[in-house]
Structures are given as structure tokens and as C-alpha cells.
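Chemist: Residues per chain, in single letters:
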Amino acid sequence: MQLKPLGDRVVIKVLSQEEKTKGGIVLPDTAKEKPQEGEVVAVGSGRVLENGQKLPLEVKVGERVIFSKYAGTEVKIEGEEYLILSERDILAVVNK
Amino acid sequence: MQLKPLGDRVVIKVLSQEEKTKGGIVLPDTAKEKPQEGEVVAVGSGRVLENGQKLPLEVKVGERVIFSKYAGTEVKIEGEEYLILSERDILAVVNK
Amino acid sequence: MQLKPLGDRVVIKVLSQEEKTKGGIVLPDTAKEKPQEGEVVAVGSGRVLENGQKLPLEVKVGERVIFSKYAGTEVKIEGEEYLILSERDILAVVNK
Amino acid sequence: MQLKPLGDRVVIKVLSQEEKTKGGIVLPDTAKEKPQEGEVVAVGSGRVLENGQKLPLEVKVGERVIFSKYAGTEVKIEGEEYLILSERDILAVVNK
Amino acid sequence: MQLKPLGDRVVIKVLSQEEKTKGGIVLPDTAKEKPQEGEVVAVGSGRVLENGQKLPLEVKVGERVIFSKYAGTEVKIEGEEYLILSERDILAVVNK
Amino acid sequence: MQLKPLGDRVVIKVLSQEEKTKGGIVLPDTAKEKPQEGEVVAVGSGRVLENGQKLPLEVKVGERVIFSKYAGTEVKIEGEEYLILSERDILAVVNK
Amino acid sequence: MQLKPLGDRVVIKVLSQEEKTKGGIVLPDTAKEKPQEGEVVAVGSGRVLENGQKLPLEVKVGERVIFSKYAGTEVKIEGEEYLILSERDILAVVNK
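Heads up: the sequence lines are chains E, R, L, W, F, B and X, in that order. Position 70, counted from 1, in the first sequence is what my numbering calls 70; the numbers after and before it change by one each time, with no gaps. Position 59, counted from 1, in the second sequence is what my numbering calls 59; the numbers after and before it change by one each time, with no gaps. Position 32, counted from 1, in the third sequence is what my numbering calls 32; the numbers after and before it change by one each time, with no gaps. Position 44, counted from 1, in the fourth sequence is what my numbering calls 44; the numbers after and before it change by one each time, with no gaps. Position 33, counted from 1, in the fifth sequence is what my numbering calls 33; the numbers after and before it change by one each time, with no gaps. Position 4, counted from 1, in the sixth sequence is what my numbering calls 4; the numbers after and before it change by one each time, with no gaps. Position 45, counted from 1, in the seventh sequence is what my numbering calls 45; the numbers after and before it change by one each time, with no gaps.
Quick caveat, the hints were computed from the structure, so don't treat them as lab data. Any given hint could be a false lead.
To be verified - Selected chain W positions facing chain F (in silico; Cβ < 7 Å):
| no. | residue |
| --- | --- |
| 1 | M1 |
| 2 | L49 |
| 3 | Q53 |
| 4 | P56 |
| 5 | G62 |
| 6 | S86 |
| 7 | D89 |
| 8 | V94 |
To be verified - Here are the simulated lysine-lysine pairs, PhoX-like style, with alpha carbons at most 20 Å apart:
| no. | chain 1 | residue 1 | chain 2 | residue 2 |
| --- | --- | --- | --- | --- |
| 9 | L | K96 | L | K54 |
| 10 | X | K4 | E | K4 |
| 11 | E | K60 | R | K96 |
| 12 | B | K54 | X | K54 |
| 13 | F | K60 | B | K4 |
| 14 | B | K54 | F | K54 |
Here a beta-carbon is modelled for each residue, glycine too, at the ideal position from N, C-alpha and C.
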């Protein structure tokens with residue numbers, strides 16, 4: 001991965017429709033707040049609390065996650081679509 | 001459960017109308033802020049306070065809860081409807 | 001009470017007009033922010049401060065309280081109307 | 001006083017026009033943010049800081065105060081008009 | 001002064017146009033955010049920080065100050081116009 | 001300087017167009033958020049943190065600074081135009 | 001660099017289209033929130049936490065970064081276009 005996200009941000013590789021249906025989780029188009037699925041490819045060094053302590057992220061590289069569709073910033077590297085978003089926009093890890 | 005929610009989030013299985021009427025609690029359609037009933041199926045590891053302490057969630061897997069209807073994100077797994085929401089959107093636990 | 005509210009929430013039984021007039025307190029319809037009267041029937045375990053300390057609620061089960069009319073979520077259990085609201089929406093306890 | 005306000009709230013007896021003119025303070029109708037005068041009749045137990053410390057209120061029962069006209073909730077007890085408001089909506093104490 | 005402001009509030013005697021021009025400071029009518037000049041006639045006991053410490057005000061009775069025109073609440077006492085405002089709406093002290 | 005700014009505020013002498021072009025920095029009119037250049041002529045005593053510690057300002061009297069055009073309050077003293085603004089509206093110091 | 005940014009701000013030299021395509025990262029025009037690429041040329045002394053501790057910035061002079069297009073303030077020095085923005089508007093560092 002060429003990108004090293006800052007703070008509590010993560011880089012996510014957005015999964016194609018085929019990859020998603022394999023997992024058995026369907027994220028309905030009619031959902032109130034459309035969620036998306038992806039794979040974590042890079043994580044920031046963590047969030048700094050007001051007491052100066054650095055809090056490492058909960059998600060790890062290689063994990064599959066569900067996140068809010070309208071979160072984050074799109075980046076394209078060598079034809080692949082990525083998203084940079086804050087960990088707080090990630091809803092859940094998908095156990096494989 | 002395939003989903004492991006992050007932070008203070010929980011995964012809730014929304015109860016069907018029949019399941020709800022059994023419980024004796026009626027959530028009126030005319031309510032100012034429409035509440036819903038469901039069962040907790042997965043909980044996050046907790047909320048991190050500004051002093052670095054991790055606060056475990058109050059709700060537990062298997063508990064029935066009432067939550068605000070407009071909270072959370074819908075996810076469908078193998079035909080079942082689930083909601084991922086923050087514990088602060090849960091109003092009360094229903095004692096069985 | 002079948003409901004156990006979470007955090008700093010309380011469950012309140014809304015008083016009928018007859019019950020209210022007995023108390024001698026009149027909450028005018030023309031008030032800027034319409035207040036209501038009710039009886040506390042269940043209280044949450046308290047609010048967690050940023051230092052991790054749990055702060056128990058000030059109100060107790062059985063107390064009569066005045067609260068802002070537009071606060072909270074309505075729930076109906078066996079024909080009775082209840083409200084789940086945050087303690088910070090309760091204005092005062094009525095001494096009997 | 002039948003009402004015991006919660007937290008940092010106070011109960012205020014709104015002064016009639018005659019009572020106000022005696023005090024010599026005129027609160028102009030054309031003021032940008034219309035203030036009102038009243039007498040404190042009950043005070044809450046105080047505001048809880050994030051370190052768990054309870055901070056008692058600055059105002060005391062019997063003091064005359066000036067407060068913002070649009071603050072608080074009206075309550076009528078035995079024909080008298082009262083207001084329940086947060087101490088932070090009180091601007092100043094009037095020295096007699 | 002009949003008024004004792006609460007917390008971080010101060011009472012200010014608004015200066016008349018003649019008094020202002022003497023000081024040599026011109027506050028232009030065309031300014032983006034119109035400032036005003038006045039004299040501090042009473043100060044509150046201070047602001048309470050979240051650690052419980054009381055922070056005394058920086059301004060003192062008798063000082064001339066510049067403040068934002070749209071801040072505060074007007075009060076008239078014996079024909080004189082006063083303003084009650086928070087110290088954070090005071091921009092600077094004018095050295096005489 | 002006749003003005004002593006409060007807290008984290010500073011007084012800035014806005015530079016005329018000739019003075020600005022000498023410095024070699026051009027602040028384009030078409031910029032998204034128009035910046036301006038000026039010289040610090042007075043600084044407040046600092047910002048108070050929530051732990052009671054007073055944090056002195058980073059900028060010093062005599063430094064040239066760039067700040068957001070829409071920040072602050074204009075004041076005119078003896079024909080000179082000044083701005084009173086919070087240090088957080090200053091973007092950078094210009095090294096001479 | 002003539003500019004010394006304050007606090008958690010950084011100065012960034014915006015990369016021209018040719019410089020960007022060399023890096024292999026394409027920031028699509030159709031992206032929801034348009035990101036941009038640049039090189040850090042100056043960094044502030046850091047952000048002060050509420051406990052008084054100064055937190056140095058994560059980015060360093062010479063690093064290539066991706067940031068949100070609508071963040072920051074444009075400055076032009078000797079024909080070169082720069083941006084002054086807060087470190088929190090920087091999404092990721094690009095590893096060369």
C-alpha cells in the first residue's frame with residue numbers, strides 16, 4: 001500500500017459486487033443509510049486522547065468491514081478504487 | 001453472528017410483529033419518536049473515555065431492547081434484517 | 001415495571017388530568033415550553049462521567065416530576081402510557 | 001415551595017409590574033434580548049463537573065435576580081406564576 | 001452598582017458618543033462586526049473550570065473596554081443604560 | 001498601543017498594499033478564503049486550559065502574520081486601521 | 001520557506017498535474033469529496049492538548065500528502081501556489 005493514513009483514519013479497498021455476494025451479507029439499496037463492504041489495507045497510528053495517550057485502532061489490515069456509504073474520500077491507485085475514512089465511520093468487522 | 005460491531009455499537013435483530021405482541025409492549029404508530037423492539041445479537045468492545053479507560057456496554061447479547069426507530073444502519077444477512085446502532089440509541093432493556 | 005432504562009434515562013408514568021389537578025399544580029396550555037407531570041417508575045443505572053465515575057440519578061422511583069412535554073419516547077404497556085426520557089429533561093421533583 | 005428543581009435549575013417567582021418598579025430597575029421593552037426580574041424560591045442541588053465534583057449554585061433562595069425572558073418553563077401553582085430555569089440563564093443578582 | 005453579575009458576566013456602562021470621541025478611538029459604523037466602548041461597573045465571581053477551579057475575571061471595575069455590539073442584555077437603572085455580558089464578548093481593555 | 005486584548009486575542013495593524021508587495025507574498029483575490037497580512041501590535045495574556053494552566057500566545061509583538069480576511073473586529077485609532085482577532089484565526093508567521 | 005505556520009497547521013506546495021501523474025495515484029474528478037496531492041514544506045509547532053501537553057505533528061517537511069480539496073487557505077509566494085491547512089485535513093502520507 002502506497003498510502004499511510006493519518007491519526008484514526010484507515011484505507012479501505014472497496015469490494016466489487018461479486019466479492020460481496022460471496023460473503024453472504026446483503027446491504028440493501030433501500031436501506032435508510034446505505035452501508036458498504038470493503039477490506040482494510042492500511043491503518044493510521046491511532047487517535048490521541050485529551051490526556052496525550054495514543055489509542056491504537058480497533059480494525060486491522062486484512063479485515064473485512066462494513067462502513068457508511070457516504071463516509072470518506074475516494075482515491076484511485078493503479079486502477080483500484082480505495083476509500084480513506086475515519087475509523088468511527090466503520091460500523092462492524094465481518095467475521096470470515 | 002458474522003458481524004463484530006466496533007466501539008459502542010451493537011447489532012440488533014429486529015423483531016417481527018408477532019414476536020413483539022407476545023411481549024405485551026405496544027409501541028404506538030402515533031408516537032412522537034417511533035420506537036422499535038429487537039434482540040441484541042452482538043456487542044462492541046466498548047466506548048473509550050477521554051482518560052483512556054474502556055467502558056464496556058450495558059446491554060448484553062440475548063437481551064430484548066427498545067430503540068429509536070430512526071437510529072442505525074440496516075444490514076441483511078441470510079434473509080434476516082439486522083440493525084447496527086450505537087448503544088446510546090437504545091432506550092431500555094425489556095425484562096422478560 | 002418491565003422496562004429497565006439505560007444510562008441516565010428514566011421511565012415515567014404520565015399522570016391523567018384528574019390525578020394532576022389533585023396535586024394543585026397547574027401546567028398552563030399557553031406556556032412557552034409545555035411541561036407535563038408524571039411519576040417515576042424506573043431509573044437507569046446512571047451517567048458515566050469522562051473520568052469513568054458512574055453518577056447515580058437524582059430522581060427516585062415513586063417521585064412525582066415535571067418534565068418538558070416534547071422530551072422522550074412514548075411506550076404503551078398493558079394500556080398504560082409511559083415515557084422514556086433522559087434525566088436532564090426532568091425539571092423538578094414535586095414534593096407531596 | 002412544592003417544587004425541588006434538579007441539578008443546576010432554580011424556581012423563580014416572576015415579579016409583578018408594581019413590585020418591579022419599586023426596585024428602580026427598568027427592563028426596557030425595546031431591549032435586544034428582553035430580561036425579566038424575579039425572586040428565587042427554590043434551588044437545585046448543583047451542577048456535576050466532569051471530575052465528579054458537585055458545584056453548588058451561586059444564587060440563594062430569597063435573592064432577586066434578572067434573567068433572560070425567553071429562558072425556562074412556566075408553571076402555575078395556586079394562582080402564582082413561576083419559572084423553572086437553569087442558573088446559567090440568570091444574568092445578575094439585584095442587591096436590595 | 002445595584003447588580004452583581006453571575007459567573008463570568010460583567011456589567012458595563014455604555015459610553016455616550018461625546019465620552020467616546022475623547023478617547024481617540026473610533027469604532028467605524030461600517031465595521032464588519034460593530035464594536036462598542038464602555039466602562040466596567042461590576043464583575044462576576046469568575047468562571048468555574050471542569051476541574052472545579054474558579055477562574056477570576058481579567059477585567060476590573062473602572063476599566064474601559066471594547067466589546068461586540070450584538071453581545072449582552074440591556075438594562076436601564078435610574079436613566080442610565082447598562083449591558084450585562086459574558087467576559088468572552090469583551091475584546092480588549094483600553095489603556096487610558 | 002492603547003489596546004490590551006483579552007485572553008487569546010491579538011491586535012493587528014493591517015498592512016497597506018505597498019507594504020505587502022515588498023514582502024514578496026501575494027495573497028490572491030481569487031483565493032477560496034481570502035487571507036490578509038498584518039503586523040502584531042499587542043497580544044493578550046493567553047488562553048486558559050480546562051486544567052487552569054494559562055497558555056501564552058505563540059505570536060509576538062512585531063511579527064508579521066497572515067490571517068483569514070473575515071476574522072476579527074475592526075477598530076480605528078488615530079487614522080490607522082487595526083483588527084482584534086483570536087490567535088486561532090492567524091494562519092502563519094511571515095519570516096522576514 | 002518564508003512562512004512558519006501556527007499550532008497544528010502545515011504549509012503545502014500543491015503539485016502540478018505532471019508531478020501528480022508520476023506518483024501513480026489518480027484522484028478522480030468525480031470523487032465525492034475531491035482530494036488533492038501536495039508536498040509538506042513547513043509544519044507548525046503542534047497542537048496543545050487540554051492538559052497543556054504539546055503534541056507534535058505527524059507529518060514532516062518533504063512528505064507527500066493527500067488532503068481534502070476544500071480545506072485550507074491559498075497563498076502565492078514568488079509565483080508558486082501554497083496552501084495553509086490544519087493537519088486534521090490531511091488524509092494520508094504517500095510513500096515514495
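Chemist: For each hint, tell me whether it holds in the structure or not.
Modeler: Results of checking the hints against the structure:
1. M1: violated, 21 Å
2. L49: With a closest approach of 5 Å, the L49(W) hint holds.
3. Q53: Holds, about 5 Å.
4. P56: violated, 11 Å
5. G62: violated, 14 Å
6. S86: At about 11 Å, which exceeds the 7 Å cut-off, the nearest Cβ of chain F leaves the hint on S86(W) violated.
7. D89: D89(W) check fails; min Cβ-Cβ to chain F is 10 Å, beyond 7 Å.
8. V94: holds, 6 Å
9. K96(L) - K54(L): violated, 29 Å
10. K4(X) - K4(E): Given pair K4(X), K4(E) is violated - Cα atoms ~25 Å apart, limit 20 Å.
11. K60(E) - K96(R): violated, 38 Å
12. K54(B) - K54(X): holds, 13 Å
13. K60(F) - K4(B): holds, 13 Å
14. K54(B) - K54(F): Between K54(B) and K54(F) the Cα gap is close to 13 Å, so the pair holds against 20 Å.
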